[in-house]
Each structure stands twice: as C-alpha cells, then as structure tokens.
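Protein chains: 2
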Amino acid sequence: MEPTRYKRKIYLEDKPRSEAKREILEAFQLPLEVERIPTTTALGRVTAEPIFAQNSTPHYHASAMDGIAVIAESTYNAHEQNPLILKKGKEFSYVDTGNAIPAPFNAVIMIENVDILDADTIEIIEPATPWQHIRPIGEDVVQEEMLFPQGHMIRPADLGVLLSSQQLELPVVKKPVVSIIPTGNELVEADSTLTAGKIIEFNGAVFAGFVQEWGAEPKLHSIVKDEPQRIKAALLEAAETSDIIVINAGSSAGSKDYTVHIIAEIGTVFTHGVAARPGKPVILGKINGKIVVGVPGYPVSAYLALEWFVRPLVCEYLQIPEPKRQTVTVKLGRRIVSGMGAEDFVRMNIGYVNGQFVANPLTRAAGVTMSYVRADGLLVVPANVIGYEQGEHVEVELLRPLEEVKNAIMFCGSHDLTIDLLSSQLKRVRTDMKIVSAHVGSMAGIMAIRKGEAHVAGIHLLDPSTKQYNLSYVKKLLAGQDIILYPFLKRMQGWILPKGNPLEIHSIDDVAKKQANYVNRQKGAGTRILLDMLLTEAGLSPEEIIGYEREMFSHLAVAAEVKGDTKGAGLGIYPAAKAMDLDFVPVADEEYDLLMTKSFYESESGQLLIGIIQSDHFKQQVDKIGGYVVVENAEPKSLS
Amino acid sequence: MEPTRYKRKIYLEDKPRSEAKREILEAFQLPLEVERIPTTTALGRVTAEPIFAQNSTPHYHASAMDGIAVIAESTYNAHEQNPLILKKGKEFSYVDTGNAIPAPFNAVIMIENVDILDADTIEIIEPATPWQHIRPIGEDVVQEEMLFPQGHMIRPADLGVLLSSQQLELPVVKKPVVSIIPTGNELVEADSTLTAGKIIEFNGAVFAGFVQEWGAEPKLHSIVKDEPQRIKAALLEAAETSDIIVINAGSSAGSKDYTVHIIAEIGTVFTHGVAARPGKPVILGKINGKIVVGVPGYPVSAYLALEWFVRPLVCEYLQIPEPKRQTVTVKLGRRIVSGMGAEDFVRMNIGYVNGQFVANPLTRAAGVTMSYVRADGLLVVPANVIGYEQGEHVEVELLRPLEEVKNAIMFCGSHDLTIDLLSSQLKRVRTDMKIVSAHVGSMAGIMAIRKGEAHVAGIHLLDPSTKQYNLSYVKKLLAGQDIILYPFLKRMQGWILPKGNPLEIHSIDDVAKKQANYVNRQKGAGTRILLDMLLTEAGLSPEEIIGYEREMFSHLAVAAEVKGDTKGAGLGIYPAAKAMDLDFVPVADEEYDLLMTKSFYESESGQLLIGIIQSDHFKQQVDKIGGYVVVENAEPKSLS
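Top line first, the protein sequences correspond to chains D and C. Each residue of the first sequence is one higher than the one before, starting from 1 at the first, in the numbering used here. Each residue of the second sequence is one higher than the one before, starting from 1001 at the first, in the numbering used here.
If you are wondering where the hints come from, they were derived from the structure by calculation, not from laboratory data. Where a beta carbon is used, it is the ideal one built from N, C-alpha and C, also for glycine. Careful: at least some of the hints might be erroneous.
Which bits of chain D does chain C cover? Going by a derived footprint, with three or more residues having C-beta under 8 Å, they are [claimed, not checked]: (1) 47-59; (2) 311-323; (3) 370-378; (4) 402-412; (5) 615-622.
Capping the alpha-carbon separation at 25 Å, the derived lysine-lysine pairs in PhoX-like fashion look like this [said to hold, decoys possible]: (6) D/Lys324 <-> C/Lys1406; (7) C/Lys1523 <-> C/Lys1476; (8) C/Lys1324 <-> D/Lys198; (9) C/Lys1286 <-> C/Lys1021; (10) C/Lys1324 <-> D/Lys324.
Chain D extracted, bound-state conformation (with noise of 0.2 Å):
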C-alpha cells in the first residue's frame, strides 16, 4: 500500500465547472455518422438530417365526413321547401371518411343531413358548397414539406406523418457508444460473497442505466485491478472499440490513483479536479481522439461528474440540446453552509406543507446513495455563494416529477420500522401517494411540525418527572398550536446485543462496568433521551459509557453496528435486534404517537392515513413483525 512508482498527488486543481466543460465539448471532434433504420424503430432516435415528405397526406381528396359526394352546383336549389331527390351513381355517392371522392363529384353532404328514400334514392333539403366536408390533397402534409430538421428526437407521434408519407426508413444519429471501465482491487461482483474491504461494484450498472437514458449505448467493461498495464490497456482498448470513455474511480490523490499519469502518458490531460463538490476529484482528457472522463468513486460525486461532463458529450454528439430539470422555488427548513469558490450540490427532500414548499438537506456524504435515490431536488450553490439562511427562499431542481413531491405526506421523527408498512399500504390504496419519511429523532420531528415543514411526526419521549410519554413536550412546545396526537403504538425498548449476549448485560450498569462498545442515538431521539434518564436513575456519567459519542440515526444503524462487534451494545426496539439476528434484553414499554398539525388530521390524506392505521390488515402486519401493539381505539386528544 505504500506509494508506488507514480508520484502521489495530492492537491487537484479547482477549476470552474463550466470552463471544463467548454474544453472538452471543443476537443470533442467526431465526425456525424449516419444510420439507416426502419422508421418503426426510430422512437427517441434523433433525426441526422433534415426530414422532407415523401408523399402527401392525404394524396387525394377525401371525404372529411361519413355521407354522400355530390355536384355542388346541381344541388343550389335545395331547400327545405323544395326538397331535392338524387339517384345514386350519377347524382350522388355514398362516402365514408377518408373515401376517395369519385368524379365528378366535389363536394359532400354529412349522413345526418341526408334522407335516405330507398337504396338507390336520397333526399336533401339544403345545398352544398364546392369542396365542402372534403380533406384537400396535403392537408395534414404536403410533398416536400419539411417535417423535422435534423436534430429532432422521434416521439410516437412523428412516427405517424412518417409512415403516412411513406418514410419507411430514417437518417438518424448513431447512438454513441460509451465505453465504462470499472477499475479497483477492492471492487468484486454483485454476486460474490463479501468481505470486509470488499465493495460490490454497482456504479458501472447505474452509470450503463444514465447512458441509455441520454440517448447512448452503454459498453461496461468488467472489472479492472489497480494495476497501471491494465488500465492503460482497457483504456486504449476503449479508445479503438467507443466514441466516449468513463474510467471509474483512481480520479482522487490515494496511493493507487494512477489514472491521470496513465491518461498523460498515452493523451492528454484537460482537467484535474474541478471547483464543485461532491465530485470534485474529476479528470478531463484525451485518448487517440476519444475524450476520456474519469469519475471519482463516490456514488453520489460519480453520478454528479457523469451529468456535468459525459451527458454534454453524449448531448453533443447526437446534436440535440442537453435537457435541463424543472425547478421550483423552496423554503429552507435548515440553514445550509457552503464554501466559498467551489459550488455545492446538495440533495434536498422537499415536501408540501401548508400550501408551501420546504425543503431540507439530506446528508452530504458523497458516499450515501441513497442521499441521492431519496432525493427530491438538488439545490445548486453558486461558487460565491456561501450559503443560505433557514427560511430563505431559493430555485431546487426538481430529481422527481412535481406532482409527486406535492403529494407526499413528509413524516419527521422518530424512526419506526412500521413506518415503512404504512408507506407501503398508502401507496397500495392511492398509487400518486407516498409517506417521506426523515429520521431525525422526536425532539426534531416536533420542531418539524412546530416549524410547519411537516405533516407527521412519530414521538416516544419519556418525561422523566412525570413518567409519562409525549403530552407534557408537545404541550410544552407546540402551545397555541392546533395539534391532533394521535395513539399509534406501544412498543419494546430494550438492550440490543451480540447473539448469546457474550459480555452478559441486563442493566445500564452492565454496560458501564463490562466496558461494552456502546452504540449510541443522536441527541434528541426518544431512545437517547431513554438512556440519559438510565444513566441519571443509576448514577452514572456518559464518560462511564465507551462509545457515547458515536451517534447513529436509526434503531436498525445502532443494530447493524452491534452485529459487528461481540462487545457492542445498544439500546433500541425489539424488530430492530429481530431483523438482525441478535439478542434483546426489555427495558421498557413505551408510547409511539403520531403528532400531526389539526388541518392535516382533517384532510383528505390524513384521514385516509388514519384509515390505513385501523385496518385490520395493516393491525397484521405490524403483528407480525413482532414487539409491537397498535393502538386500539386509540382515542386522538386535540391540544391547542
């Protein structure tokens, strides 16, 4: 592991974003090239050239409606008092829509308008104008017409003037082909058995899905070790074989980043890190021509470079312009610190409460995916911008559709497993619905609610003068506030433990005296405040707890860490040490209610969340998970 015979680099450059950009979209110099195919595959193709009809639509003149041709000028003096009778053949037609218009008729009469006396004789009582109800050649398209430029993506209706012009095949851009390279000692298959150390490589399979969604054809190379003979020779392979290369990972300043000495040694190197974060550690080069980017190994920082630096490419290369997201304007539920000369990506849930949208940050640690998947926006902060206050009003680009972000019911709190099962049973019932959920612990998700930026919160907070759970805070912080807290579910706290329960803990002082690797709750979460209270109750100082210090956010993080370790101990619900195999000592029964402000108990969605709560079927599932009851006629009190 130690330096190897390239030279480690440590600092990268910070160069604007957009200056990056614009050198590699000016190296990027392939020719066009044109594929034929038939135009009933062309859909979300681009058109290379520009599109003229071959035919006109329609190519001769047709009825526009179901009834009969005629002469117009042998039916002027129909009227309603001097009936006019006509023979079929020489004096009329049947027509349907789109019939050819026999000569030497020119003009047609609706069925409607029409008495039919017997099967060769009709009767009209109103004249016709020449040409009327009667589609003129090229009406929808004329010969020659130009019906797209070059430059135009196929959607399912283009493909229908096509064809009705006769455009059985279509000039289009060829997809290019984007060669993606994996490299990493660490990184083994989806399917292979881990180890520690060892990371499944998943990146190569979004970065493929992204690709095709631009309008690219993937290649994913496999995986590639941290050794320079082999990087340097899938890059070259992938310089011959693709019109764009992505080499994933070794973009950083570690002891086996070799990748930007291998780029300047057989190209060139535009770019070494650039003035944005997450995804700062972003090379920009060329290899024989094709323009290779390598992405940092981050998820989230390697899907960010992807967007800024290969989808312009791919953009670039089929001629069409790169799409730009709907934006919304958001309140900011927290405050949000950038640094100075770098722009600041930052994954935000938004959630539409009280008529307003407000938005909070998700963490931003490159390496959390899901910050990503659970996003609903991206807030981009300019590089002079420092940051904005809570309460202040900027543009989020939307990552879903904005339907979907209004319909949400935005839960805070306390993190409860159930709450997945309502989410899922929500969606089951209403399909444009869905629960967000942020786990942020009780004391958090009261101030979401005092703060109006959502809609539920799920407390358990013990007070411990009083002994009992919940009222006595929510009277306390949310006075003059109309309030529903409604009974949801009475739950198991307990110890959390390695199978067996090796170090034998049954009480707090267990965990001090054995020197237990305790895994703590963040501050503010129901389960830490448990804990203080123990703690106080026996007599104990944090310091007399190893690990008091490591915050986790959720009862299953405080569980998986536990797993880890035969010396750890948390404190937690019951599912969470099921879920996971481990042994659970009961500490206490305690409440579980769901805060939520009047107006949304009287909603729509709250009622039918209240709904989902009382069935039977969800009373099952949440049985079956184990250490749980639901709340019987469970009784809401209304405090304001």
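With chain D held as given, fit chain C onto it using these hints.
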C-alpha cells in the same frame, strides 16, 4: 356501401370524460402479476413489492479517506510542539478510501495530515478522535431497511442501492400487454403503392410507441378488414392474449362502424361517445374481463382518446400514478371559441416573445397529424367554458420541454421553402435553438409583429400603386414601432401548371377563359394580393375564376392540388413547381423580406440568424433549390 345488417347509429353519447374513465377503472380488475427479473435489466420497471435491503452498505467499518488508520486514544498527546511518531503495523496502517479498518484501529487520519518519514514511519502533529473518518456499517443502507415501496419505477441511481445491497433479482409488475387492432378496408401497409382511397395504416405504430412509453408491451395486430366476423375474431383473440385491447376506427357512426355492435354482442359497452373534442367517438367496453377501448380513426382524436383511457389503465395495472404534464401560463394571440357541453383540446404553438409566452391555436382538424406534431402545448377548454378572448391568460399543458419552447424563434408570415433551410442550419449551429414557423401569409405576419407574437415575419407584399414591395405596408401598419426590414430574397412568382401545360396558360386571361380549376391562396397572403392585382389590371372579376374561393395556405399545397388535376392552375413560387415536377410560367420577380423587431434583430438570436443568412453555405443551399437569389450585402432598413 349501403347500410348493413347492423343498424347505423348516428347519435353518440356525450358522457363526461371523468365519468367514462372512472367506469372503466372500476371494471378493470386483473390480478397483479409479478415477474422476477435480474436487477441490471430493471430500468424503468415498477417494483411489485416493497424492497428491503439484503445487506448493509458499507457492510464493514470503512475508511472514508485516504490516509492511515490509528488507535485514537494513542494519539491524544500529538501536538505541533510534540509530534508523535508511529510505526507501521502495530501503531498505524495505510488505508485508502473504502478499505476496511483493521483491528485494533478506530480512527483515520487523512494523508494530507501525515508526514511520511520513511516506508515504515510517519509523524503526526494532531490527535484523532475515535471513529473519525470512518464510515459506520450501514451509513448508506442498513440491512432490512425499506429501499423502495411497491409501485416505484426504477431509475439509474436506484440500481446502485439495489446491487450494493445484493438484490440481484427484483420482483416487478409484469408489463401489461396492450393489443392494438387496426381495422378498415381503406387501410394498407406503409410499403404499399398508394391509390386514391387507400390510407396507410400508421396509427398502430403511433399507439405502440405511446403504450411503450407508458410502460406497457404493445402487441400490434395486422390490418383487419371491415367485416364483422373478422373484427369479432380479432377482439376475442385479443381478449385471450392481452390485458388491454385497443381497436382503431369503426368507433363512430359510419356505414361500416360495426365495432360498438360487436362489443355489445360479445361483451359489454359502457360508453359510446364522450363530451370531449376531438376524440368524441370513443367506445369503452369489456370483453371476457378485458377492457376494450375503441378509438376514432382520425389521428389526433385517436392519440387523445388513447391518453384519456388507455394510459390510466396502464398506470392502474402498474400501480403507478398517471404522469401529469408541466404547464405554463400563456397569453392568447387569438380568440378561441369552444362549444358548450364538451371539453375542447386545442393544439397550441407557444412562443416566448418580449419576455412573455404567447400562444396561438393550430388547426383544430382532427385529421391533421401535424397539428399534434407541431404543437408546443395543449389547451384544455372545460365543458362549461365557451372560449377565451384574445389577450386572455390561460394555462397550457406543455408537449415539449419549457426550455425548448423558450429558445424557439417565432417565425410568422408568408411561407417560403428557404425558412426550412434556415431552421435546419440554425439547429446545426445551436442544438438548443430552432425556428417555429406559422404559415399565415404576409399580412398576418405583419400583424403578429405588431402584437408582439413573433420575432420574425417573412413578407412579400406588392403595393399596386407604387409597384414597390413591403415598405409602404410596414410604414403604414407598424408606425411608431422600432422595426428592422431586412432584405432577404428575390424570388420568382408564376403560374404553377400541370406538366406540359395542357391548357396553355400564360396569363390571368387564360386562367379565366380556359376555365382552369384555380387553386387560390388565403386572404392576406402576398400571392393572393398579387393575383388580385393581376385581376384588377386585366379587368376581371373573381367570379370569372373557377376555384377563387378555394384557399390553400402554402405554395406547396397549391402545387399539390395542381398536380392532381389536369385542369388545375395556381400562382406560386418556382421551387414549389419544381419540387412537384410541374410546369412554371414566370409572372413577377418579387422581394421577400424579413421583418423583425429591433430588439430581436440586435439580440444574440437575431444576429445568429443574420449570420447564417449571410454565410456562403446557406447561399449555396438556396442556389441549389433554384428560382432564388439571396440579397448580397443586404442593408437592413431601420424604421420607427
């Protein structure tokens, strides 16, 4: 063509669209079918069950940085004045980002803060805190956490979390199979030789495209003749082999519109006719448990009916919400009249002129596919609204990305073939820009500039009194506005005549005397004004010209009509005659100029356009068409 054994049904219902939709959704009760597919192929598919993480990510304590792993507690005394020296092995270990933290280490120090003394020795001057720069187990995903609820459509980044937690297979909802049955004796395949009355079957390909975009699997049936037994057989087969049935045409009240009777015979008809235009003559029914949607033959009606009724069925099957289009508020450039009692779906062109969106209706003829293809948006006039006044602000659903609409140059006025060339050239230079042109004639072009609805107008208006082109009209109609009149083309106008000029037409007198079937242009078109001047000069009245009242909207449309009629005659530009292989007798050399607002002329887009016009490449392309001369060293006239 006489009425058959099925009674001809003339009047359709006017059922509200929402009611008709609710009925079929209620009747649509197919069991959920789940497929387990490899996760890597799941892009765009919809989860059939909630997906829980199989594994935590990271699944071990991982270094979050490149650097060294240490025991935090052993570094507490490190200080600038008291550097701490550590030996590789027992005291520290090199780690790269993602590496597992070897026991007994519990903190990482970034490489930037490490002084490497030799291969085995380093020095630090700052202490580490426990667990710093270490990613806890499950930082990204915790085992047993719900990753996605059911009904989630998989996006590229989702593949990452799924694969990283070793979800190698995914339970997804089977794509519903949508059978598409085109019917009609007039239909032929796209590669057939066309004869009058034969229409290319292209709706099927369009439907298949839509259905595919919505996430279903289209199954396109071959063309079925208008024979009850064949239609019945096709419907029964489709009910066996698919989940949703679409049958095209035969849904109205023509003499061969059997469909509704057949569905009633072998199943149930819920609806025949909805209160919405176009798209009214729709049939909704059920055959052997499968919903059948009979859509009208006119393409635009068909596409709308498909969206109204087939898309909700597909979404319901997949358990996803129906997508909604982004909307934009526009100012109406023209009055829109709508009948009471039925919704009206009006295709609109939208331009962004002088900082506001201005929209004008395209033709409302349901047979004009191009009105849907060319549309930027869809204005839905509710059933109880009789229309909107010019200048009113209304909400329009976007059929293209807002950005594309915003970047379009609105071209209005007289039709000329070189505008297509200009459009194509512009798109080559700037992929994000395009020209949207409305062929409304010169006068209407001037009015569009006056009302701020267009950036550029193409005009060729001869002043009979001065024999001068354009200037006098512009001065009179745009007095007080800052305007640029840009000399663009000299082009040849003349008689467009059938090959060989069978009637030997050389003047307007010939047109009248030889009783040619004249094909006229619309009022306000420059060519119409030229014709009227020729009539006046020859002392002829419009009544002496057969077809004077038959108006076409472009030179090509006139040429297309002339081509189909050996007695035809029209007035138009040389390239239109040439394109259709027709005879041409010159009448006048005219000046076709571009009129622009001064602000557009001076804008980046305006200068880009002028640059293209003056480029050699563009002039060469115009030369190739023939009958044109691009004005060299044009001197724009500035008027105000």
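Against the structure, the hints:
1. Remark: the stretch 47-59 of chain D is confirmed as covered by chain C, as 6 of its residues place a Cβ nearer than 8 Å to a Cβ of that chain, reaching the required three.
2. Chain C is given as covering the stretch 311-323 of chain D, and this holds because 7 residues of the stretch bring a CB closer than 8 Å to a CB of that chain, at least three being needed.
3. Given a C-beta distance limit of less than 8 Å, the hint that chain C covers the stretch 370-378 of chain D holds, as 3 residues qualify and 3 suffice.
4. Remark: the stretch 402-412 of chain D is confirmed as covered by chain C, as 4 of its residues place a Cβ nearer than 8 Å to a Cβ of that chain, reaching the required three.
5. For the stretch 615-622 of chain D, the stated coverage by chain C is not satisfied: 0 residues place a CB nearer than 8 Å to a CB of that chain, which falls below the threshold of 3.
6. For a cut-off of 25 Å, the pair hint linking D/Lys324 to C/Lys1406 stands: about 12 Å separates their Cα positions.
7. About 19 Å separates the Cα atoms of C/Lys1523 and C/Lys1476, which keeps this hinted pair within 25 Å; it holds.
8. This hinted pair does not check out: C/Lys1324 and D/Lys198 have alpha carbons roughly 43 Å apart, beyond 25 Å.
9. Between C/Lys1286 and C/Lys1021, the direct Cα distance comes to roughly 13 Å. Compliance with the 25 Å bound is thereby established for this hinted pair.
10. Between C/Lys1324 and D/Lys324 the alpha-carbon distance is near 17 Å, which keeps this suggested pair within the 25 Å criterion.
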